[in-house]
Amino acid sequence: GEDVEQSLFLSVREGDSSVINCTYTDSSSTYLYWYKQEPGAGLQLLTYIFSNMDMKQDQRLTVLLNKKDKHLSLRIADTQTGDSAIYFCAERGNAGNMLTFGGGTRLMVKP
Amino acid sequence: SAVISQKPSRDICQRGTSLTIQCQVDSQVTMMFWYRQQPGQSLTLIATANQGSEATYESGFVIDKFPISRPNLTFSTLTVSNMSPEDSSIYLCSVTRLAGVNEQFFGPGTRLTVL
Chain A
1 GEDVEQSLFL SVREGDSSVI NCTYTDSSST YLYWYKQEPG AGLQLLTYIF SNMDMKQDQR
61 LTVLLNKKDK HLSLRIADTQ TGDSAIYFCA ERGNAGNMLT FGGGTRLMVK P
Chain B
1 SAVISQKPSR DICQRGTSLT IQCQVDSQVT MMFWYRQQPG QSLTLIATAN QGSEATYESG
61 FVIDKFPISR PNLTFSTLTV SNMSPEDSSI YLCSVTRLAG VNEQFFGPGT RLTVL
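Heads up: the protein sequence lines correspond to chains A and B, in order. As numbered in my numbering, residues 1 to 111 make up the first sequence, in order. As numbered in my numbering, residues 1 to 115 make up the second sequence, in order.
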């Protein structure tokens with residue numbers, strides 16, 4: 001099956017930028033997503049990008065997509081303590097709406 | 001976005017029993033999915049809930065263990081049958097409004113612990 005990989009953990013200081021990386025194997029991915037999961041909560045859709053785009057910006061969030069290398073990143077500018085959570089990337093192939101998730105990156109923001 | 005509620009939010013169950021989880025959406029949606037998130041793990045798709053017909057199960061999941069109903073466009077249930085401690089997970093309902101639409105939203109999840 002298709003794979004989506006993320007690093008397990010990232011620690012940053014408040015006010016710094018965070019960059020969370022994701023790689024995937026499905027060359028037919030149509031959309032790629034970033035979700036945020038706070039402790040004890042469900043998944044919150046943060047943003048998504050169409051596979052023919054290479055960048056999308058939404059306030060503090062910037063998504064970069066390198067389709068050739070199958071690499072996706074999420075940059076959070078001016079990271080706040082409230083950004084501490086687990087961030088999941090997910091990809092959707094061209095056969096239906098099913099999402100394949102990465103293992104999640106736990107972001108810890110130190111004051 | 002879609003407002004999705006799940007009941008129960010959490011439960012502790014005995015081995016061998018069954019639990020039915022409900023997913024209610026505030027408006028009609030086309031696609032409804034059930035995912036499982038085992039402790040410390042990522043999400044795995046269990047099945048796609050189809051209105052008026054049998055659910056479509058992913059590899060490793062079967063109807064006898066995870067029967068699913070979807071009587072209309074706003075409601076679905078997932079039953080976890082004959083539970084064992086390995087079924088302890090968060091079960092999440094997910095929806096998209098229209099087929100092919102890009103945004104997929106998740107419910108708050110049901111945290112199940114099986115003793």
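By construction, these hints were calculated from the structure, which means they are not laboratory data. These figures come from a predicted structure and were not determined experimentally. Quick reminder that beta carbons are idealized off the backbone N, C-alpha and C, glycines included. Accuracy of the hints is not assured; some may be wrong.
Stated by the list, open to error - Simulated restraints on C-beta separations:
{"hint": "1", "chain 1": "B", "residue 1": "S18", "chain 2": "A", "residue 2": "K68", "range": "28 to 38 Å"}
{"hint": "2", "chain 1": "B", "residue 1": "G52", "chain 2": "A", "residue 2": "S7", "range": "17 to 27 Å"}
{"hint": "3", "chain 1": "A", "residue 1": "E38", "chain 2": "B", "residue 2": "S27", "range": "37 to 47 Å"}
{"hint": "4", "chain 1": "B", "residue 1": "L73", "chain 2": "A", "residue 2": "L61", "range": "40 to 50 Å"}
{"hint": "5", "chain 1": "A", "residue 1": "G40", "chain 2": "B", "residue 2": "Q24", "range": "40 to 50 Å"}
{"hint": "6", "chain 1": "A", "residue 1": "G15", "chain 2": "B", "residue 2": "N82", "range": "50 to 60 Å"}
{"hint": "7", "chain 1": "B", "residue 1": "N102", "chain 2": "A", "residue 2": "S73", "range": "16 to 26 Å"}
{"hint": "8", "chain 1": "B", "residue 1": "E58", "chain 2": "A", "residue 2": "S27", "range": "34 to 44 Å"}
{"hint": "9", "chain 1": "A", "residue 1": "K56", "chain 2": "B", "residue 2": "E86", "range": "34 to 44 Å"}
{"hint": "10", "chain 1": "A", "residue 1": "G15", "chain 2": "B", "residue 2": "E58", "range": "21 to 31 Å"}
Quick rundown of the hints versus the structure:
| no. | hint | result |
| --- | --- | --- |
| 1 | B:S18 / A:K68: 28 to 38 Å | violated (48 Å) |
| 2 | B:G52 / A:S7: 17 to 27 Å | violated (43 Å) |
| 3 | A:E38 / B:S27: 37 to 47 Å | violated (25 Å) |
| 4 | B:L73 / A:L61: 40 to 50 Å | violated (31 Å) |
| 5 | A:G40 / B:Q24: 40 to 50 Å | violated (20 Å) |
| 6 | A:G15 / B:N82: 50 to 60 Å | holds (51 Å) |
| 7 | B:N102 / A:S73: 16 to 26 Å | holds (19 Å) |
| 8 | B:E58 / A:S27: 34 to 44 Å | violated (21 Å) |
| 9 | A:K56 / B:E86: 34 to 44 Å | holds (39 Å) |
| 10 | A:G15 / B:E58: 21 to 31 Å | violated (42 Å) |
When held up to the earlier numbered hints, the structure conflicts with 1, 2, 3, 4, 5, 8 and 10 and fits the remainder.
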